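Participant: Chain residues, written in single-letter form:
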Amino acid sequence: MGFFKKIAEGIKKTKDAFSKKLFFAFSARELDDEFYENLEEALLTADVGLTATENLIDELKDRAFKERIKKPEEAKELLRQIMIEDIDYDIPEYEYPLVILLSGVNGVGKTTAIGKLAHMFKEQGHSVVVAAADTFRAAASEQLEVWGDRAGVRVIRHNEGADPAAVVFDAISSAKARGNDVILVDTAGRLHNKKNLMAELQKICRVVDRELPEADFRKYLVLDATTGQNAVSQAQIFSEDIETDGIILTKLDGTAKGGVILAISDEIGLPVVYVGVGEKIDDLIPFDATDFINALL
Amino acid sequence: MALFESLSDRMNHIFSKLRNKGKLTELEIKQAMREIRVALLEADVNYNVVKEFTAKVSEKALGEDILKSLTPAQQIVKIVNDELCALMGSTHQKLAVSDRQPTIYMMCGLQGAGKTTMCGKLVTYLKKQGKKVLLTACDIYRPAAIQQLKVVGNKAGTEVFEMGHIDPVKIAKGAIEYALKNGYDTVIIDTAGRLHIDEALMEELVNIKKAVNPTEILLVVDSMTGQDAVTVADTFNQSLDITGVIMTKLDGDTRGGAALSIKAVTGKPIKFNGTGEKMEDLEPFHPERMASRILGMGDVLTLIEKAQDAFSQEEALALQKKLKENSFTLDDYLKQLESMKKMGNMQDMMSMIPGMNASQLKDAKIDEKQLLHTKAIIQSMTLKERRNPDIIKSSQKKRIAKGSGTTIQEVNQLLKQFELTKDMMARMQKGGMKALRGMKGGFPF
Chain D
14 MGFFKKIAEG IKKTKDAFSK KLFFAFSARE LDDEFYENLE EALLTADVGL
64 TATENLIDEL KDRAFKERIK KPEEAKELLR QIMIEDIDYD IPEYEYPLVI
114 LLSGVNGVGK TTAIGKLAHM FKEQGHSVVV AAADTFRAAA SEQLEVWGDR
164 AGVRVIRHNE GADPAAVVFD AISSAKARGN DVILVDTAGR LHNKKNLMAE
214 LQKICRVVDR ELPEADFRKY LVLDATTGQN AVSQAQIFSE DIETDGIILT
264 KLDGTAKGGV ILAISDEIGL PVVYVGVGEK IDDLIPFDAT DFINALL
Chain X
58 MALFESLSDR MNHIFSKLRN KGKLTELEIK QAMREIRVAL LEADVNYNVV
108 KEFTAKVSEK ALGEDILKSL TPAQQIVKIV NDELCALMGS THQKLAVSDR
158 QPTIYMMCGL QGAGKTTMCG KLVTYLKKQG KKVLLTACDI YRPAAIQQLK
208 VVGNKAGTEV FEMGHIDPVK IAKGAIEYAL KNGYDTVIID TAGRLHIDEA
258 LMEELVNIKK AVNPTEILLV VDSMTGQDAV TVADTFNQSL DITGVIMTKL
308 DGDTRGGAAL SIKAVTGKPI KFNGTGEKME DLEPFHPERM ASRILGMGDV
358 LTLIEKAQDA FSQEEALALQ KKLKENSFTL DDYLKQLESM KKMGNMQDMM
408 SMIPGMNASQ LKDAKIDEKQ LLHTKAIIQS MTLKERRNPD IIKSSQKKRI
458 AKGSGTTIQE VNQLLKQFEL TKDMMARMQK GGMKALRGMK GGFPF
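Chains D and X, in that order, are what the protein sequence lines are. Using this note's numbering, you'd call the opening residue of the first sequence number 14 and step up by one each time. Using this note's numbering, you'd call the opening residue of the second sequence number 58 and step up by one each time.
One should not assume that every hint holds.
Only pairs whose alpha carbons sit at most 20 Å apart, straight line, appear in this in silico PhoX-like list of lysine-lysine [stated by the list, open to error]:
#1 K459/X with K479/X
#2 K89/D with K216/D
#3 K335/X with K208/D
#4 K208/D with K426/X
Coverage of chain X stretches by chain D, computed from C-beta distances (three or more under 8 Å per stretch; other residues unrestricted) [claimed, not checked]:
#5 252 to 263
#6 276 to 290
#7 438 to 448
The hints are simulated quantities; they were obtained by calculation from the structure and are not laboratory data. Remember, predicted model here, so these are calculated numbers, not experimental data. Even glycine gets a Cβ: it sits at the ideal position worked out from N, Cα and C.
Let's have the full structure, built from the sequences with the hints guiding it.
Facilitator: Below is the structure:
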């Protein structure tokens, strides 16, 4: 099932305030103040954030004027274009050996995303090993092992409280010995304002850089789609501290639309790489800007 | 607590602009309202709640007596404060206790909100009140969820009831029976995280509710949630008629606007907030205190409560005496540092002091490692040296540095900090908290 269909299914399940408001806005007769006010409300309600919303509306006004657009229906098409341009990035193809590290605050769905990624790479014919570097949260390794079983991949783990960098070191050694070409690293949830925990994350990255310098090393920030403007702060700090390459947006199957990625794109320029749209193992799919905005508008 | 930090920064900024003016015009008030709107929206307060809030405040602020008043800015701060309190519920709502044993608390919420961790914190909190608490594992879906609850229960020092992966309704019933037989007066039921639009799983919660009739149904909400917080809380409330809300992850840099919206939309009170990773990191939610914190008026009451938790009365008296006699030693200094650590994060505490705002605190971070070094250095001194640091000369310093695995510079630094602290404590004795205000950043720890 395609991305659009899955999202559209999610929307059908709910009385979607955002779509309703947009429908309301776009069914206006002309592009008057009320039209723009309704549009602003709709975007704010989708967590797009004040600055990004204002930027979007300014650009829409500007281009609508230049292109002599008068009808709301045409304005909608234009807004769609603007929004797609805003979040459409070229993501470089993977090279192997590949290391993917997932980081993020507590409870965004990192471990689940690792399970789904492991399944995805396995299906593509790669040989995968997972490093259970969340040694902090109670039973995190056990949870990951269940996912490892489901996906049919090996999980390297230590005891609770062990040094996460050591787990990663072991996983890399093991991958070298057994010839795995994909290493997935699960890390403990950490709030981005905790300096010592962010330093721990940097240490893990140093281990990867040192032990496997030839690898294609991607660092993804996992974001919960229900998060509000704090997501911008998360993206900012995580990308400063460990040079994050992209975002995995999870829990898009709820009523939250994840509009905050427009704010993140606006302020930090971080692309979304994957989206999580359900609880099943194949419910993680590559991000498609057009589909995402189509589902949103 | 970093919560509302930047919201309170923004509010402070808005109000200080108003304060600089003697009289206010209608236009200036309108301008201020616009800025308040922006501040609230950026803090993720729900759009409709913001709209209502600013409308109410404007209406009151534009009343004639305020424009004519000599201190219009203060009046407006008061109106905003009152309305904020009203928005979050006016007074702290305690957890209900059932007349019939056992008291049952049922936790629910989205995936990743922090339910399981919160269960452990609640156990710790209730045990302090002398309750005997049984944890119940009703999350049969997430891999290793039962295992996680067991570890949490172990940390909090209580038993976890589980029946494996069978119907959660049966597990909940079984837990109540078990509690009655084994003398538990309180049962906490941990349920699986679920999407509010997942009808089958919502039905399961309704069935658990019907089966055990919980004293409280507590919705656990991540404080970083955006505009959707209201939809989530509203849906859970409609299906389950929740009795209260617990906000989690308030120790991040979230502005926590969700906390402001939820009460307004569901009418259900926020009862607690979670502020860290340790089992003790749980605070009862006091709307009026939170409101004054948002407005940058500090939260002295919570600070005092925290201090009371960490220091005993005798310890405090003994310290006072020592300060008076000028016999405060390095041993006492170490003890102070350790009690401070018990009270929680330094920055959180400082932010509760009136007149301190977040931007002043940026440099006042305490490094946990630093505390360990300090401990090592002090413990490498002889008892005589600890009592009278003046006798520590360079050869002693060399020995101490070697003994503690640090450098002479670090020993010097510690001795200097000790003097500073002694001096500051003496000042606090005389001038109260005011003496602290002049100190920017350089908190001597």
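Participant: All hints are to be evaluated individually against the structure, with a verdict given for each.
Facilitator: Structure-based check of each hint:
no., hint, in the structure
1, K459/X with K479/X, "violated, 26 Å"
2, K89/D with K216/D, "violated, 47 Å"
3, K335/X with K208/D, "holds, 17 Å"
4, K208/D with K426/X, "holds, 12 Å"
5, 252 to 263, "holds (count 3)"
6, 276 to 290, "holds (count 9)"
7, 438 to 448, "violated (count 0)"
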